[in-house]
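J.: Sequence:
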Amino acid sequence: MQSRPFLVAMAAFVIVLISGAAIAGIGAPRELSFSAGATVDDKESTTSTTVEKPVTTTTTKAAEPAPDKETPKEEPKGEAEDDTKAEPKPDIKPVFTVTAPKDGDHVTSKVVTFGGEISDGYTVVRGKYTAKSHKGAWSIELVLSPGKNRVGFEAVNDEGKTLYAKVTVYYDAPADEKPAEEPKTEFTASQKYGSCGEAVPYDKFYGTAAPGTKIYVISEYGSGETKADANGKWYLRVDFPHSPAGKTFAVKVKTSTGEKAYFEFTNTQSEKDH
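Numbering (the working numbering), first residue to last: 1 to 274.
No more than 25 angstroms apart at the CA atoms, straight line, and that leaves these computed lysine-lysine pairs for BS3-like:
| id | residue 1 | residue 2 |
| --- | --- | --- |
| 1 | K254 | K102 |
| 2 | K254 | K233 |
| 3 | K192 | K227 |
| 4 | K93 | K161 |
| 5 | K233 | K252 |
| 6 | K166 | K233 |
| 7 | K148 | K254 |
| 8 | K227 | K166 |
| 9 | K128 | K227 |
| 10 | K260 | K102 |
| 11 | K161 | K247 |
| 12 | K252 | K166 |
| 13 | K227 | K252 |
| 14 | K161 | K254 |
| 15 | K252 | K214 |
| 16 | K254 | K192 |
| 17 | K93 | K135 |
| 18 | K102 | K132 |
| 19 | K132 | K260 |
| 20 | K128 | K161 |
| 21 | K148 | K128 |
| 22 | K135 | K161 |
| 23 | K161 | K252 |
| 24 | K148 | K260 |
| 25 | K204 | K192 |
| 26 | K132 | K166 |
| 27 | K161 | K260 |
Bear in mind the hints are in silico, worked out from the structure with no lab data behind them.
Model the full assembly from the supplied sequences, consistent with the hints where possible.
T.: So this is what it looks like as structure tokens:
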């Protein structure tokens with residue numbers, strides 16, 4: 001009976017030893033021991049080890065963008081200017097003058113060359129004599145009468161436009177050339193009314209001229225003709241039946257010897273009366 005307590009004490013001692021060995025083996029590599037005839041079904045364990053490498057930060061300087069090539073600015077689209085397009089010509093008034101002889105000149109030659117400036121495209125007319133523009137100039141040779149000579153000229157272009165110029169020249173003729181007859185009657189022309197509101201508008205024209213001289217009164221709405229009497233006087237009534245109401249238009253008086261005078265006439269009828 002005394003041996004039994006001894007066995008119990010021994011067993012307790014062994015347990016204490018085993019427990020201490022177990023405690024001492026914590027953290028040591030595990031070794032497997034096998035007893036003869038023992039079977040171990042232990043799968044191989046796979047241990048993954050992660051090694052953290054120091055991270056190296058490399059700063060790469062970004063390449064600077066290449067400078068943009070200078071691109072020409074695009075011109076706004078539109079119609080291209082036509083350099084060849086001719087600019088409109090300014091409205092230039094035609095020129096027609098008598099520069100030689102000058103107005104009021106006294107000459108001692110019976111034959112005188114008249115001349116002056118004229119725009120291109122015009123022909124100067126004096127009775128049966130004509131002269132075309134040449135480099136902006138014209139000239140006509142005329143025979144003068146002793147004393148005062150009032151000489152008128154017309155310049156006409158292809159479009160029918162007419163210009164007028166006149167000059168007064170005195171021919172101081174020798175005594176033996178002066179005519180014994182009475183001096184030549186000077187041409188004059190006058191207009192009596194200048195306007196009219198009658199059913200058939202009309203006007204009266206009168207003046208003086210050398211006896212027998214033909215007188216012509218001309219307009220686009222009415223014309224007439226007469227002759228200076230033996231006393232050198234003339235008179236003419238001219239009707240304007242086709243003139244528009246309220247219309248003002250030109251009236252020209254000229255003689256068979258080239259003198260001219262210019263007037264205006266106005267039809268004063270109202271449109272409802274016309």
